[in-house]
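Trainee: As a plain string of letters, each chain reads:
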Amino acid sequence: MMDTGHKRIFKVVGTRPPRPDGIDKVTGRAQYGADVSAPGMLTGRILRSPHAHAEIVSIDTSAAEALPGVKAVVTSKDFVFQDDDFFRDVQENCMATAKALYDGHAVAAVAAVSPEVAKAALKLIKVTYKQLPHVTDVDLAMRPDAPVVQDGRSLETVPAGMSANVTHHSEFGHGDLASGFAKADVIVERSFTTAATHQGYIEPHACLAAMNADGRADLWCCTQGQYNVRTLCAALLGLEASQLRVTASEIGGGFGGKTTVFIEPVALALSRKSGKPVKIVMTRDEVFKATGPTVTSSIDVKIGMTRDGRITAGEAHLRYSGGAFPSGTVDMGGQAAFAAYDLAAVRTFGWNALTNRPKEAAYRAPGAPQAIYAVESVIDELCQNLNLDPLDTRLKNAAKKGTLSSYGPTFDDIGLIATLEAAKKHPHYTAPLAAGVGRGLSAGFWFNFGGNTCVTMNINTDGTVSVTEGNPDIGGSRASISMMAAEELGVPYDKIRTIIADTASLGHNDVTDGSRVTFAVGLATIKAAQDAIAKMCARAAKLWGIDAEAVEWVDGAAVPAGPNAGKFPPMSLAEIAAVSFQTGGPIAGHHEFHADGAGVSFGVHLCDVAVDRETGATKVLRYTVFQDAGRAVHPAYVEGQMQGGAVQGIGWALNEEYIYGADGRLQNAGFLDYRVPVASDLPPIDTVILEIPNPGHPYGVRGVGETPIVPPLAALSNAVSRAVGVRMQSLPMSPPRILAAVMAHDAKV
Amino acid sequence: MRYLRPNTAAEAAQSLADEPGVTRVLAGGTDVLVQLKAGMVEPDLIVDIKHIDGIRSITAEAGGFRIGAAVAGAELGAHAGVKALWPGVVEAFELIGSTQVQGRCTMAGNLCNGSPAADSVPALVAAGAVARIVGPKGTRDVPVRDIPTGPGKLSLTKGEIITSILLPARPPRSGDAYLRFIPRTEMDIAVASAGVSLTLDAAGKITAAAVALGAVAPTVRLVEAASAAIIGTKLDDAALSNLMQAASAACSPIDDKRGTIAFRTQVAGVLAKRAALIAYSRAGGSK
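Chains A and B, in that order, are what the protein sequence lines are. Plus 890 on top of the position in the first sequence (first one is 1) and you've got this note's numbering. Plus 35 on top of the position in the second sequence (first one is 1) and you've got this note's numbering.
Since the hints were made in silico from the structure, they are not lab data. Be aware that a few hints might be false.
[Stated by the list, open to error] Among chain B residues calculated to face chain A with C-beta under 10 Å, some are: (1) GLY56; (2) THR58; (3) GLY98; (4) ARG101; (5) LYS172; (6) GLY173; (7) ARG175; (8) ILE224; (9) ALA227; (10) ILE289; (11) ASP291; (12) ARG299; (13) VAL302; (14) LYS308; (15) LEU312.
[As the list claims (entries may be wrong)] Coverage of chain A stretches by chain B, computed from C-beta distances (three or more under 8 Å per stretch; other residues unrestricted): (16) 1322 to 1334; (17) 1431 to 1442; (18) 1490 to 1496.
Bear in mind the structure is a predicted one, so any value in this text is a computation, not a measurement. Glycine included, each C-beta is placed from N, C-alpha and C at the ideal position.
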């Protein structure tokens, strides 16, 4: 499967060294968010709205404040008013002001000497609510008579006359839909819904905040981006960035859900008011109710196809809700929906509507799984109707280098066709199917991000190398960054240790998101290594008494560049480092930039399912993931990303959903009734890595972390639909939903 | 909150009877500790019954077995005698929770938690199991089917605790089985369930049967019409169809986050049919 187009021979990249965090994690030594403590520390707890939608008439904290052991009580009044909509939404989500916008919305918080006192204090806070009508369904929220979640939030893109809940509208695409559909032999138009799902990370949010009387503050927390935490908390508390140092803990899963703040500003406010360090650890119930699940969606897709399988036109209407606050995630859904295909006529129309649900946070490829589920379902139905092979049909329409993408840019080198062809020749695709078993497949796509990045590399005098980067490691980045440093410097992997800096120790880094870290931080690491190499070559030149330009770096050592430069034995990194104090002082490489050129990534998932027609239960029998990684720096981690994305997607497809009662309250805020798959629910997830190098990275690296959650929704839905003979149009395909579809189908037959 | 660890059932019963506030009985703790952590209950008194003499033993009695109220799932699952006599009861008990929970959870606790979805209860009811109850006024034996009176509600009076459950002797050519439906493969709570116990004659015809359904009514439901549908048959297709219909007809479930009325009603019938087939095979019947 390895491409041969890329000339460089790698020594470290592509190998599978042991993970640097492995020992700490399996021995329990790793320090997660809740593991940090400080002398005199208080326990912080948050009071949350029991109502889906309510005006906060008054909050009386006097009885709680009078309870012995209570050191501080805060409400929205303890935060700085924000002029900017973005910051105000973050603040409002951390602590409600005038209205509680969803079940679980924070309204007040206490800091006390023990968890018991804190719990007792919460009961003494008297909040007077005036309940308001609520709406949790995106389609109902868009109706003109829907209860208004927040007024005055609609952007100018929204036509007049719509519900005030509709905050955003966007369109993407090109070509003439009418003439495209006119060329079709068959047109299928279907509507789909997907439920809100949660990232389901094992580690609940946790932080420790310590603010001194002089206004300096330290914050330790589990986060995907300590710099973003600093930016948000500094604004909400009225601090200067330099006075707030944020340190990211080891992280027990993020998947996008830890890219913002929930408890961190509250802990800081409590610490400021009490003068003591304050720790807040969310319960699982709080994680479900008050952090950020995905959008819910309702999508209409219409696709026209010729008899031989060419798509003539594609159209999608996407209605997303990111909860009680404006969200632009539908843009990414609209852009991603048809990205896999080379189409003459394509258009997507996206809408966001407010609902009384928690504020959406990112979750692996936000917005794309829903849109691509709908599109890939309709393509599968067209293939069934026209008796076409689903892989050949996708190959016939696949985007390639030079394709004008459905969202605007023209693609450079991309790996979709190679990925589809790998699936086609894999034994899974041609394995015979037992009776009652359905096989489904789906393509998937994600953009991948670059962004602001900063890396420092210190050459230690003993010949080892310390890499300092600023992105919490949620997917193996410490290993891959060390590997890229080792590759570029020409030293062994085990001579390098990569650490994640606090916000005071390194320049800004964007959040660990968008599958950006291995690409962007890796690129900065390579550039920092090149910077260090230039300095080491200069030191060797100085010792040899020749020009720095006459020295080059080969296999981890400075060597004279050609016979005219002079005859000197190679001087290794360790040798140069050992004498660095005599040649000009310590040696470090550095690179800071805004990374562009992140290559898009495509995947294809194939799965076989058996459905029990008497109970609606689905068993996933076989599952294979094919994905273009550009260059797999550490293939075991890449496979892990592919498997993990597939598993989260299987959960989303089959059982995971936020369930709201008629009262607008969340019914399943725990892992018992929010059903992520358990190990015994799953078959082995087979993986095939393709390597079509990204032209924007010297090693060809593409982000790999998000694409694999995109295809499973449609792959499962197409497999179940084929197994039961009914086209499924709602996720999750929980057993009651499948059984109802089967019984309705059988009643007609 | 007070915590007591009495050594006799009488002492436990008296402590519970004397406490005016909220009480909880602690055996394995797999329900009580979860409720405490979730803040669902704030007891004034917790009585730990695990140290009562004999409460952790399994003893042969009159051809059956008496299971102490603090016997854990893993312990019962390792008892060859009980497994051979009442495999359906053992498999129901072993479905509760995870491996870790199996090291602690008890059948008496499962019964006293009062959940309509309790896994061991339909199997115990189908088996005709009898609970021994010790209270401040003495000891009484009550069929398990008469213990639950509604979700979270029991027929026990203040101060009464269950100290053991008797699985009775049974005739030769008998078998039992338990099945539940959950959306996953483990770590879940029954959306519908069925326990079936039956006895065959030498020709393979069913002479006695009990069908109990879980999670489809406020309490476990013993369905006489379902038994009647298969007694006198060899579980032919018509009998199975009648069994399914009778089981489904006996359901009065609720719509909730775990399943719809229609789903539970349909699936209870399917599970009764499938459990009957397993029990029939275990009894030595062949189809």
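Trainee: If a hint holds in the structure, say so; if it doesn't, say that too.
Mentor: Hint-by-hint comparison with the structure:
1. GLY56: For GLY56/B, the interface hint is violated, since the closest Cβ of chain A sits about 17 Å away, which is over 10 Å.
2. THR58: Nearest chain A Cβ about 21 Å off; hint violated.
3. GLY98: Violated: closest Cβ of chain A sits about 36 Å from GLY98/B, beyond 10 Å.
4. ARG101: violated, 32 Å
5. LYS172: Since the shortest Cβ distance to chain A is 37 Å, the answer is violated.
6. GLY173: Interface hint status for GLY173/B: violated (39 Å vs cutoff 10 Å).
7. ARG175: violated, 35 Å
8. ILE224: Cβ of ILE224/B sits 7 Å from chain A, so the hint holds.
9. ALA227: holds, 9 Å
10. ILE289: violated, 13 Å
11. ASP291: With a closest approach of 8 Å, the ASP291/B hint holds.
12. ARG299: holds, 9 Å
13. VAL302: The hint holds - VAL302/B has a Cβ within 10 Å of chain A, the shortest such distance being about 5 Å.
14. LYS308: Holds. Min distance 9 Å.
15. LEU312: violated, 13 Å
16. 1322 to 1334: violated (count 0)
17. 1431 to 1442: violated (count 0)
18. 1490 to 1496: It is violated: at least three residues are needed, and the stretch 1490 to 1496 of chain A offers just 0 whose Cβ sits closer than 8 Å to chain B.
In terms of the numbered hints stated before, the structure departs from hints 1, 2, 3, 4, 5, 6, 7, 10, 15, 16, 17 and 18, listed from lowest to highest.
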